[in-house]
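Chains as they are written, first to last, in this note's numbering: chain D, 1 to 207; chain H, 1 to 544.
Derived by calculation from the structure, the hints in this document are not laboratory data.
Treat the hints with caution; some may be incorrect.
Unchecked claim - If you anchor each label on the Cβ, the simulated ranges turn out as follows:
hint : chain 1 : residue 1 : chain 2 : residue 2 : range
1    : D       : 65        : H       : 416       : 16 to 24 Å
2    : H       : 142       : D       : 65        : 54 to 62 Å
3    : D       : 75        : H       : 420       : 23 to 31 Å
4    : D       : 50        : H       : 447       : 27 to 35 Å
5    : D       : 184       : H       : 445       : 39 to 47 Å
6    : H       : 234       : D       : 65        : 50 to 58 Å
7    : D       : 204       : H       : 265       : 31 to 39 Å
8    : D       : 19        : H       : 249       : 17 to 25 Å
9    : H       : 234       : D       : 201       : 21 to 29 Å
10   : D       : 113       : H       : 99        : 38 to 46 Å
11   : H       : 437       : D       : 19        : 56 to 64 Å
12   : H       : 439       : D       : 69        : 27 to 35 Å
To be verified - A few chain H positions that, by computed beta-carbon distances, are all more than 10 Å from chain D:
hint : residue
13   : 227
14   : 276
15   : 283
Unchecked claim - Result set (DSS-like, lysine-lysine): computed pairs, CA atoms no more than 30 Å apart in a straight line:
hint : chain 1 : residue 1 : chain 2 : residue 2
16   : H       : 449       : D       : 40
17   : H       : 449       : D       : 36
18   : D       : 177       : H       : 203
19   : D       : 54        : H       : 449
20   : H       : 447       : D       : 40
21   : D       : 165       : H       : 114
22   : D       : 201       : H       : 248
23   : H       : 429       : D       : 36
24   : H       : 164       : D       : 205
25   : D       : 84        : H       : 261
26   : H       : 439       : D       : 54
27   : H       : 76        : D       : 54
28   : D       : 205       : H       : 249
29   : D       : 84        : H       : 257
30   : H       : 64        : H       : 114
31   : D       : 204       : H       : 251
32   : H       : 251       : D       : 201
33   : D       : 184       : D       : 165
34   : H       : 436       : D       : 40
35   : D       : 102       : H       : 429
36   : H       : 249       : D       : 84
37   : H       : 248       : D       : 205
38   : H       : 114       : D       : 54
39   : D       : 36        : H       : 423
40   : H       : 429       : D       : 40
Using N, Cα and C, we set each Cβ at its ideal position, and we do this for glycine too.
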Amino acid sequence: PLTPMTPMTPVTPASESSGIVPQLQNIVSTVNLACKLDLKNIALHARNAEYNPKRFAAVIMRIREPRTTALIFSSGKMVCTGAKSEEQSRLAARKYARVVQKLGFPAKFLDFKIQNMVGSCDVRFPIRLEGLVLTHQQFSRDVEVRVTTAYEPELFPGLIYRMVKPRIVLLIFVSGKVVLTGAKERSEIYEAFENIYPILKGFKKAS
Amino acid sequence: SVVFFFSSLIGAGKTPTLGGGFHANLGKESRAQTLQNGKRQIHHLGNQLQLNQHCLDTAFNFFKMAVSKHLTRGRKMTHVIAACLYLVCRTEGTPHMLLDLSDLLQVNVYVLGKTFLLLARELCINAPAIDPCLYIPRFAHMLEFGDKNHEVSMTALRLLQRMKRDWMHTGRRPSGLCGAALLVAARMHDFRRTVKEVIRVVKVCESTLRKRLTEFEDTPTSQLTIDEFMKIDLEEECDPPSFTAGQKKLKIQQLEKALSKKLEDFEGEISSYQDEIEIELENSRPKAKGVFANFTKDDSIEDNTSSILGEEEAEDEELEAAANHLNKDFCNELHEKDRVKKNEDGECKNGNEALVRPPALESLLGPLPTAASLGITESIKECISTKDQEPGENTGDGELDLSGIDDSEIDRYILNETEAQIKAELWMKENADYLKEQKEKEARIAKEKELGIYKEHKPKKSAKKREPIQASTAGEAIEKMLEQKKISSKINYNVLRDLNSKGSNTPKKEDDSTDDSTNTKKLSRRKSIASRNIANPVNSVGKR
Numbered sequence: 001p002l003t004p005m006t007p008m009t010p011v012t013p014a015s016e017s018s019g020i021v022p023q024l025q026n027i028v029s030t031v032n033l034a035c036k037l038d039l040k041n042i043a044l045h046a047r048n049a050e051y052n053p054k055r056f057a058a059v060i061m062r063i064r065e066p067r068t069t070a071l072i073f074s075s076g077k078m079v080c081t082g083a084k085s086e087e088q089s090r091l092a093a094r095k096y097a098r099v100v101q102k103l104g105f106p107a108k109f110l111d112f113k114i115q116n117m118v119g120s121c122d123v124r125f126p127i128r129l130e131g132l133v134l135t136h137q138q139f140s141r142d143v144e145v146r147v148t149t150a151y152e153p154e155l156f157p158g159l160i161y162r163m164v165k166p167r168i169v170l171l172i173f174v175s176g177k178v179v180l181t182g183a184k185e186r187s188e189i190y191e192a193f194e195n196i197y198p199i200l201k202g203f204k205k206a207s
Numbered sequence: 001s002v003v004f005f006f007s008s009l010i011g012a013g014k015t016p017t018l019g020g021g022f023h024a025n026l027g028k029e030s031r032a033q034t035l036q037n038g039k040r041q042i043h044h045l046g047n048q049l050q051l052n053q054h055c056l057d058t059a060f061n062f063f064k065m066a067v068s069k070h071l072t073r074g075r076k077m078t079h080v081i082a083a084c085l086y087l088v089c090r091t092e093g094t095p096h097m098l099l100d101l102s103d104l105l106q107v108n109v110y111v112l113g114k115t116f117l118l119l120a121r122e123l124c125i126n127a128p129a130i131d132p133c134l135y136i137p138r139f140a141h142m143l144e145f146g147d148k149n150h151e152v153s154m155t156a157l158r159l160l161q162r163m164k165r166d167w168m169h170t171g172r173r174p175s176g177l178c179g180a181a182l183l184v185a186a187r188m189h190d191f192r193r194t195v196k197e198v199i200r201v202v203k204v205c206e207s208t209l210r211k212r213l214t215e216f217e218d219t220p221t222s223q224l225t226i227d228e229f230m231k232i233d234l235e236e237e238c239d240p241p242s243f244t245a246g247q248k249k250l251k252i253q254q255l256e257k258a259l260s261k262k263l264e265d266f267e268g269e270i271s272s273y274q275d276e277i278e279i280e281l282e283n284s285r286p287k288a289k290g291v292f293a294n295f296t297k298d299d300s301i302e303d304n305t306s307s308i309l310g311e312e313e314a315e316d317e318e319l320e321a322a323a324n325h326l327n328k329d330f331c332n333e334l335h336e337k338d339r340v341k342k343n344e345d346g347e348c349k350n351g352n353e354a355l356v357r358p359p360a361l362e363s364l365l366g367p368l369p370t371a372a373s374l375g376i377t378e379s380i381k382e383c384i385s386t387k388d389q390e391p392g393e394n395t396g397d398g399e400l401d402l403s404g405i406d407d408s409e410i411d412r413y414i415l416n417e418t419e420a421q422i423k424a425e426l427w428m429k430e431n432a433d434y435l436k437e438q439k440e441k442e443a444r445i446a447k448e449k450e451l452g453i454y455k456e457h458k459p460k461k462s463a464k465k466r467e468p469i470q471a472s473t474a475g476e477a478i479e480k481m482l483e484q485k486k487i488s489s490k491i492n493y494n495v496l497r498d499l500n501s502k503g504s505n506t507p508k509k510e511d512d513s514t515d516d517s518t519n520t521k522k523l524s525r526r527k528s529i530a531s532r533n534i535a536n537p538v539n540s541v542g543k544r
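One chain only, chain H, in its complex shape:
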């Protein structure tokens, strides 16, 4: 059978490889190219990171898996390579950070991180969590502690373990913690490493380092002396700083709530006193005119107050009764609501009992208006029950449902004439460039329309205009099509012609003759090289 090597040949065309880097299995030319390319890049990048051969091989295996799962499609090769390398670093436990790779490639670390996470997920590879202790030797070396390197490292490791036990490391960049630990360890051994020097090595921000130091300061371990620290290990573990901050916030919120509630209560009391005083004053004034007008002012006031108080109490009772009655009505409404929503009845009963007091006012004024007497129980019930209805029903024709929308509110969102004019002016000024571009584009389209060469779409890739193939037989048509697609030099046309008649399986290679005869189109150098290279394998295929 004949195998059409379209994709493989296009792939081979891109990077001319003379001799090396291809397989007998011709169908996977392109794949081989990709893998070859990947291997080269992995080695190049890996050497810059000083990874050993074993790591590089493992990385290449990851890459092969990625390619077979088509994870390289639509992604920059360099990103995938970097992700494979970082995956190896994590599984082998080397002290390389994603930041190092990002520095080498000059790519945003979060972009690399995204590719890395995807790779780990698709390949089902568990990258063990980073232990900040891994970075200590590397950073210590870069900080140049000389002979005391080992001691400082040990102290820093101990500090780091203490930080881990105090829950400072979860969710934080390990490099930041290392930086803090090394800074303190250096100071403990009389090295004057400044914050600036440390952050240059560790690659975190100054504020981050200071924050870590402050957090460590808050732990009880920071209170120990150097000697104590080296010997003693405190039992108690601290909470993570974000947790304690969150708890503090909660407490403050609760305090504020309690405070505002107390304020409300006080205000309520004050306002009730205010109301009582005002009522008294109101009552006192007209009474004074009517009944006690004859008495002298002083006496009248005294008598007023006493009699007022006497009457006041009765009035009070009446007012209280009125209030209670109204409350009872309100409570009844609430109870209706409760019944509709099927809530507990216990509260209703309690509420009723608490408010039962014979209303004196009712006997005086006759029955006060209730919902029933006003004839609005039904409407109240309706209003309450509409809340429970399914509000998401689509009207069949898709008309906009205007219920619950206040038209005046909507009108406020619309500008009037003058405002619209002003906004239009401003907008035109802001977007002058864009408008100019649009005008030019339209002018261009109009001109082209006039000239009759206007194309509806002008994408960046210009579509090749092909003349229709005119051929007498299907075989000839296929030949011509292949010519146009510029893959013709590799095809054995004799076999093609035989296809229709279900011909032989052995492809006879008539390279040179067919090449010269059929290739009227310009044949680029690369294709001829490729054809020469492929000569042997095709024969081997034929021999099968």
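Chain D on its own, in the form it takes in the complex:
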């Protein structure tokens, strides 16, 4: 039997900050090269490109520095993934555009936009996920908001917490590791973590 707890509202107390900074692990960005591309040509003249038209209608290109992967489509649009910072993502995208330019296409660099950022960190204490999902389901029922937490050990070992503001999805694991995703800006990740940290402390395993 759980000790009765008043439902905790997920509002950050203005007191201490966690002192832990989430590390960015992956950035997904898109850019428009603004010219039609001949994918076969690109694939056959670039060392680091693969193209399987049967499987997927884009060229998959990789560069070593920054270590990233790009999907280049025949419309001229490009997706760049794998960078660890916004600057690196932009630099990598520019390098890919430069490769395409050198292969003879009039590539530009329009509308570079970061679409998703993933961060992770470790709170260094075990977290009682069953308790967390219980009280947060109660909270959402009171305010008639959609259920913001899902913990299904049969499907996934972590708890999926959908924060409303900022709009971030957090994967919380019993070992204390937290993954934050869905951000368009770095500050959203930091803010989300600062919001969740006091809640997680409330479910720390008493050692």
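Please build the complex by placing chain H on the supplied structure of chain D, with the hints as guidance.
Okay, now just chain H, sitting in the frame of chain D:
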């Protein structure tokens, strides 16, 4: 008013129901069909799971809610049904796993899980977390312990509670834990259940079961004897295994870091010794030639070393001084950087004090080159400050900004002639099938173009080509349109004609006559059946 029953009639057409399964409220025919269908499937599936009537009714309520929120759109009905049933199982606490449903339907359990999570979220229903203790009676029964079933179950439950207290169950599939608990309980009561038998019942992998057993072995409770275990409850709670593994990893990483740092320090010391020795050797050789050439070798060496050392010290000082001066310059640059970035000044001051030593070398050689004297302070400042600038500014015309891109690096990513040829050959071979398909497609398009029947798009659904409707009045046009859409048999055309003139509200049904007269197109059997069925309700609508 006339109500057009388009959607309802199409729905009715699909599954011919004679008599049963429809409502007086005709506008929701299709909805009724869906619910009816859903109810049937729920009962069918629920009976296979041996759920009682109450559960089935609750599941049907969930389904009704789902349909009203349009959650069935774009999803397989069977998935939604399964999700409703599983939701009931969770809220009622029955020992059914999602895996059971997946087995029955032969659908991937994660696909069902996705639908289930969505359903729970949209319906705002809190499914309480699964307690592995729920599964014990079911699995114990399947393992056939005979008379001792109850005892083994009790022991397994106790083991499971101990595992829960040792934080082994968070994030793990409950069936895996049950399997481990039952295996140990069986052995404790002298039943020789093998791992294979247990996993067949519990539906987990062998390695998972072994892992759970190993984790349990690591807890202090595993050291107790059987009797002790049944009586004693250890106070201490263990950390979850993933946490301890994570901590171990961290420690190893820290140790490695410390080790490598120590190695670096040692290497630094060794290299500094090396440097000193080399300097000495260098100094000793030319000096020996010049000054001590007259002396015998042995004496000279001795004298060399002493005098060398004597001079060495002075040289040392000079070298140290030179090094310090250069360091001071470097420190100054660093300080400039710090000032630009507005960092703490404390460090600067400390740094300066530590390195203040009157440079003897400077007096000898005159002022050594500093950034200022070389005239590059400005450029250094620029270089430092460009780091702080907003690097995301878009050039107005979208031209690719090439700063920071090394052209030679990019060139390395491009193949030369021979390499490109080889790659082209390989690629052609790999993708021969695809290329063949493309050629055939192009040939087909070209041929069709020649024959003049080429269509730009050939989607799977062929678009019906309709002749343009020619009618004199709007009413007639509507009639003909309805004919084409094959819904004509239900429409009362008299009312339609009256619409323009804002006619009466009572629809007079002239079914049979209108049917025969207007239906020149082929009328399928199902429509006629449906029309017969609808006869009464339409009249009731008319009576309103």
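Hints, verified against the model:
1. 65(D) to 416(H): 16 to 24 Å: Taking Cβ atoms as reference, residue 65(D) and residue 416(H) lie about 21 Å apart, which means the hint holds.
2. 142(H) to 65(D): 54 to 62 Å: holds, 57 Å
3. 75(D) to 420(H): 23 to 31 Å: Distance hint for residue 75(D), residue 420(H) holds at roughly 24 Å.
4. 50(D) to 447(H): 27 to 35 Å: Holds - the Cβ-Cβ distance for residue 50(D) and residue 447(H), about 34 Å, lies within 27 to 35 Å.
5. 184(D) to 445(H): 39 to 47 Å: holds, 43 Å
6. 234(H) to 65(D): 50 to 58 Å: holds, 54 Å
7. 204(D) to 265(H): 31 to 39 Å: holds, 38 Å
8. 19(D) to 249(H): 17 to 25 Å: holds, 21 Å
9. 234(H) to 201(D): 21 to 29 Å: holds, 26 Å
10. 113(D) to 99(H): 38 to 46 Å: holds, 42 Å
11. 437(H) to 19(D): 56 to 64 Å: holds, 59 Å
12. 439(H) to 69(D): 27 to 35 Å: holds, 31 Å
13. 227: holds, 28 Å
14. 276: holds, 38 Å
15. 283: Fine: 44 Å to the nearest Cβ keeps residue 283(H) off the interface.
16. 449(H) to 40(D): Given pair residue 449(H), residue 40(D) holds - Cα atoms ~26 Å apart, limit 30 Å.
17. 449(H) to 36(D): Holds, at about 25 Å.
18. 177(D) to 203(H): holds, 28 Å
19. 54(D) to 449(H): holds, 26 Å
20. 447(H) to 40(D): holds, 25 Å
21. 165(D) to 114(H): holds, 24 Å
22. 201(D) to 248(H): Holds, at roughly 22 Å.
23. 429(H) to 36(D): holds, 26 Å
24. 164(H) to 205(D): holds, 13 Å
25. 84(D) to 261(H): Answer holds: residue 84(D) to residue 261(H) is near 26 Å, not above 30 Å.
26. 439(H) to 54(D): holds, 14 Å
27. 76(H) to 54(D): Satisfied, since the Cα-Cα distance of roughly 27 Å is no more than 30 Å.
28. 205(D) to 249(H): holds, 20 Å
29. 84(D) to 257(H): The hint holds at about 22 Å.
30. 64(H) to 114(H): With a Cα-Cα distance of about 19 Å, the restraint between residue 64(H) and residue 114(H) holds, given a limit of 30 Å.
31. 204(D) to 251(H): Holds, because 21 Å separates the two Cα atoms, which is no more than 30 Å.
32. 251(H) to 201(D): holds, 23 Å
33. 184(D) to 165(D): Distance of about 13 Å is within 30 Å: holds.
34. 436(H) to 40(D): Holds, at about 15 Å.
35. 102(D) to 429(H): With a Cα-Cα distance of about 26 Å, the restraint between residue 102(D) and residue 429(H) holds, given a limit of 30 Å.
36. 249(H) to 84(D): Since the Cα atoms of residue 249(H) and residue 84(D) sit roughly 22 Å apart, the hinted pair holds (cutoff 30 Å).
37. 248(H) to 205(D): holds, 18 Å
38. 114(H) to 54(D): holds, 28 Å
39. 36(D) to 423(H): holds, 23 Å
40. 429(H) to 40(D): Cα-Cα ~14 Å, so holds.
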